[in-house]
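Okay, here's what each chain looks like letter by letter:
There are 2 protein chains.
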Amino acid sequence: VTESGSDEARTLLGNAAEALPEGALERKLGEGRALRVKLGIDPTAPDIHLGHVVVLSKLRQFQDAGHLVVLIIGDYTARVGDPSGLSQERPQLDGDEIERNAETFKRQAFSVLDPERTEVRRNGEWLDMAMEELFRLARTSTVAQLLERDDFAKRHAERRPISILELLYPLLQGYDSVAVQADVELGGTDQKFNLLRAREIQVAYGQAPQAVVTMPILPGIDGVRRMSKSLGNYVAVTEPPEDAFGKLMRLPDAQMPLYYELLLLRRPDPRRPAVELKRALAREIVGRFHGEHAALEAEGRFDRIHVEREHPDEVPELDLGGEDPVHLPALIGARFGLSRSEARRLLAQGGVRLDGEAVDGEVLDLPAASLDGAVLQVGKRRFVRLRGRSATRPG
Amino acid sequence: VTESGSDEARTLLGNAAEALPEGALERKLGEGRALRVKLGIDPTAPDIHLGHVVVLSKLRQFQDAGHLVVLIIGDYTARVGDPSGLSQERPQLDGDEIERNAETFKRQAFSVLDPERTEVRRNGEWLDMAMEELFRLARTSTVAQLLERDDFAKRHAERRPISILELLYPLLQGYDSVAVQADVELGGTDQKFNLLRAREIQVAYGQAPQAVVTMPILPGIDGVRRMSKSLGNYVAVTEPPEDAFGKLMRLPDAQMPLYYELLLLRRPDPRRPAVELKRALAREIVGRFHGEHAALEAEGRFDRIHVEREHPDEVPELDLGGEDPVHLPALIGARFGLSRSEARRLLAQGGVRLDGEAVDGEVLDLPAASLDGAVLQVGKRRFVRLRGRSATRPG
Chain L
1 VTESGSDEAR
11 TLLGNAAEAL
21 PEGALERKLG
31 EGRALRVKLG
41 IDPTAPDIHL
51 GHVVVLSKLR
61 QFQDAGHLVV
71 LIIGDYTARV
81 GDPSGLSQER
91 PQLDGDEIER
101 NAETFKRQAF
111 SVLDPERTEV
121 RRNGEWLDMA
131 MEELFRLART
141 STVAQLLERD
151 DFAKRHAERR
161 PISILELLYP
171 LLQGYDSVAV
181 QADVELGGTD
191 QKFNLLRARE
201 IQVAYGQAPQ
211 AVVTMPILPG
221 IDGVRRMSKS
231 LGNYVAVTEP
241 PEDAFGKLMR
251 LPDAQMPLYY
261 ELLLLRRPDP
271 RRPAVELKRA
281 LAREIVGRFH
291 GEHAALEAEG
301 RFDRIHVERE
311 HPDEVPELDL
321 GGEDPVHLPA
331 LIGARFGLSR
341 SEARRLLAQG
351 GVRLDGEAVD
361 GEVLDLPAAS
371 LDGAVLQVGK
381 RRFVRLRGRS
391 ATRPG
Chain V
1 VTESGSDEAR
11 TLLGNAAEAL
21 PEGALERKLG
31 EGRALRVKLG
41 IDPTAPDIHL
51 GHVVVLSKLR
61 QFQDAGHLVV
71 LIIGDYTARV
81 GDPSGLSQER
91 PQLDGDEIER
101 NAETFKRQAF
111 SVLDPERTEV
121 RRNGEWLDMA
131 MEELFRLART
141 STVAQLLERD
151 DFAKRHAERR
161 PISILELLYP
171 LLQGYDSVAV
181 QADVELGGTD
191 QKFNLLRARE
201 IQVAYGQAPQ
211 AVVTMPILPG
221 IDGVRRMSKS
231 LGNYVAVTEP
241 PEDAFGKLMR
251 LPDAQMPLYY
261 ELLLLRRPDP
271 RRPAVELKRA
281 LAREIVGRFH
291 GEHAALEAEG
301 RFDRIHVERE
311 HPDEVPELDL
321 GGEDPVHLPA
331 LIGARFGLSR
341 SEARRLLAQG
351 GVRLDGEAVD
361 GEVLDLPAAS
371 LDGAVLQVGK
381 RRFVRLRGRS
391 ATRPG
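Read top to bottom, the protein sequences are chains L and V. Going by the working numbering, the residue at position 260 of the first sequence is 260; the numbering climbs one at a time, nothing skipped. Going by the working numbering, the residue at position 255 of the second sequence is 255; the numbering climbs one at a time, nothing skipped.
If we strip away everything but chain L, and leave its shape as in the complex, we get (with noise of 0.2 Å):
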C-alpha cells in the first residue's frame, strides 16, 4: 500500500461505513489508475431521495478524485419482478415502464453526478445470458454461504420461505461486477453480504475482487425507518422545494448529527438549537437541488404556515384516537363532513397539506407518529391540528 493511496482512502471513506476487506481500497488506489466504482441501481422506485443522495454523493467524491463511476441500472432483474413472489413492495415491471424510471434515475442521478465520468449501463446486457453461463455462475457459490445473509438466515432459522430465485440474486449481482470489472462497489450497510459475495464471484471468473465500501442508511423523516419510497417517508430530490423544506423541518431533533453528516458532510454545531440547525440543514439542502433563491421563498412560506403553530388557541385539535397507520380519506371525510372520494379527489389534486406542504396524493396511509403535532390543512381554509397521542380535545 503506498502512502498516497492511504491518504486518499481516508479522504474519500469519511463518512463511509465500513471499507472491506482492511486495505483493499488503499491498494487499489495505490495503483494509481482510475478505478471503475460500480453502483447498482434498482429502477422500480425511479425518483432519486436524500438516500440515494448519501451514496450518490459519495460517489461523486470518487469522480471528483478523478475515478470512473459504472451506474448499473437492474432493467433485466426488475422485469423479473419480486423474487419472493411473496410482497408486493417490488412489483413487476413491463419494459416501457422501466425504461421510463431508468431514464428518470439517470437525469436525476446527474443532480449529483459528473456525466462526463459516469458510465451508464443495464443488467439486461449481460443477464439474459445462456443457460451454461448461468450454470457456470450458479457453481461459483454454496447454499450455505448465500445463507449466510442476514435476512436470508433469520428468515430460514425461522421456516419462512426462501425462493430460489431470491438465492439467485446476489450471484446475479456478483456477475454484474464481472460484466464491468468493478474496482470499487458501493451500497448502503444492508448490501454489504451482495457486495463481498460479489468479490468472491469475481475471483472465480478470474478478475481481481473489488474493494467494498458501504454507506450508513439514511433514516426517513419519521427517524426511524430507511428512507424509501414505499414507505412514504423520503424527501424527493425533484418536489417542491416548499415540500421539501416542510418536511425536512419536521425532522426529529435526534435525526441531526446523522443527517449533517451523511448529506452535509460536517458535524453539526453542538451550541446551535437544533430548529435552528434544521432550518441551515432544510435551506442548504433545497438550495443544492433548487437553487438558493428558491430555498429562501420555501423557508419564507414555511414560516408564514408556521405562524398557525404559533396561534395554537386558533387551531382546533384533533385527536387521532390511536389509530395507526392514519387514513387520510376518512379522517379528512370524518372531520370536516366530506365523502372519501371527495377526500381522496382533493388529495390527488394536491389541496391537502401537512404544515403547509401538500400531501402526495398517493400515499393515503402515514403512521401516526409523524403527524403528533402537524396542520393538516383541507383546501384554503379548514385547518385541524392532530395529536396523535394525548385524549385531550379542544374545548
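In case anyone wonders, no lab produced these hints; they're calculated from the structure. Check before you lean on any hint, since a few could be wrong.
Rough simulated footprint, nothing fancy, chain L against chain V, three-plus residues with beta-carbon under 8 Å [what the hints assert, rightly or not]:
#1 160-169
#2 214-225
Covered stretches of chain L, as calculated for chain V (at least 3 residues, CB under 8 Å) [stated by the list, open to error]:
#3 65-71
#4 119-130
#5 162-176
DEER-style ranges, computed between Cβ atoms [to be verified]:
#6 L:G206 x V:Q181: 36 to 46 Å
#7 L:Q207 x V:R226: 35 to 45 Å
#8 L:D42 x V:S4: 37 to 47 Å
#9 L:A204 x V:S228: 28 to 38 Å
All of these numbers come straight from a predicted model, not from anything done at the bench. Backbone N, C-alpha and C define an ideal beta-carbon position, used for all residues, glycine too.
Given chain L's structure and the hints, the job is docking chain V onto it.
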C-alpha cells in the same frame, strides 16, 4: 379410482418400492388412456448394466399394458458436468461424446424396451431456456424444500458444501416432466425426492402432477454398494457372455432373493441350494441378452475354469496383505515379475482374467473383498488364487 385402475396398478407395481402419492397411479390408470411414463437417463455412462435393467423392465411392463415410455437423455445436464465441481465421478463431456453415449444407451435400452412405444427426447431441446424462464422455474421452489432431500440435508448439517448449481438440478429435472407432460415418472428409490418435487413444479406450470413409482436399487456383484460403472461392480448387458456368467456366479448367496425379484420378477425356490439358484439366474440373464446358445457356452466355459477352483493345490495362493482397494498393475507386476506398464498393457488387451472373465482394462482398482477366493489368470499359464483376509500362504 376405478376398479380396473386399481387392478392394473397392482399388476404393474409388483416389485416396485413405492408408488406415490397413494392412489395417484390408480387414478391415472383409471383415466383409461395411454399414459406418458418418463425415465431420465444420464448419458455419462452409456453402457446399460443390470441396475438399469430393473427400471427398464418395469417400463416395459407399462408398455406391454399399452402405455408410452418417454426416455429423456440428459444431454444438456451432462454437458454441464458435475454440479458440485468437487467430484470426478461426473465428468464434463463434449457434444460428440454425449451423442455417441446417447446412441449407445438408446440401442442397448431397446434390448428391453419396445421401440414402437418409446419416445426418445433430449433435455437440450428445452433446457437451454431464456433466463426469464429459468427465473420462473426458480420461483417454484424454496431453499427449505430442496434442503429436505436426504443427501442435501446431511451435507448441509455436516457443513459440507452444496453448490447452487446442485440445488438447481431437481428443478431442471422437474422441468423435464413439464416439458414432456409426464403422467408417471420412474426412478430408483434414491430419486424419490426429485420425482416428488417434479410434481410441485408441474402444478406451478398448470399441469396435473405425475404419479411417482420408485424401484429398489440393485446391489452390485460385491453385494454391498449399488451397481454402478464407476464402482466396477456391474454386469453390462453387452459384455461377453462368459464374463457376465462368471460375474453373476460370484454374487453373494444373500443377494439371490433381491436379484430374482428385481430381474426375474419372481421369488427363488427356497429349497434349492444357492449355487444352483445362481447358475439358473446367470443362465437366464445371459440368455436374455445373448441368446440361449451363448448362455450354454458361457456356462461350459465357466465350468472348465472352475476346475481350477476344484483343485486348489494346483493353484498357488497370494495373500493381499490387507491392501484395499487392490491396485491390479502393482499386484500383477510384483507377483509375475512384470513392470507396471507391462501389467497395464496386458490389462488393456484383455489378457488378465478373474475367475475366467476378462478384467475391464479401465478399472485398475478393485475392492479386496470382491477378490477373496478369486483365481487371477495372467496370460495363458499364470494363475494365482487371491486371499483377501487370511495370512496363510501355500506351502
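Hint check results:
no.	hint	result
1	160-169	holds (count 7)
2	214-225	violated (count 0)
3	65-71	violated (count 0)
4	119-130	holds (count 4)
5	162-176	holds (count 7)
6	L:G206 x V:Q181: 36 to 46 Å	holds (42 Å)
7	L:Q207 x V:R226: 35 to 45 Å	holds (41 Å)
8	L:D42 x V:S4: 37 to 47 Å	violated (57 Å)
9	L:A204 x V:S228: 28 to 38 Å	holds (30 Å)
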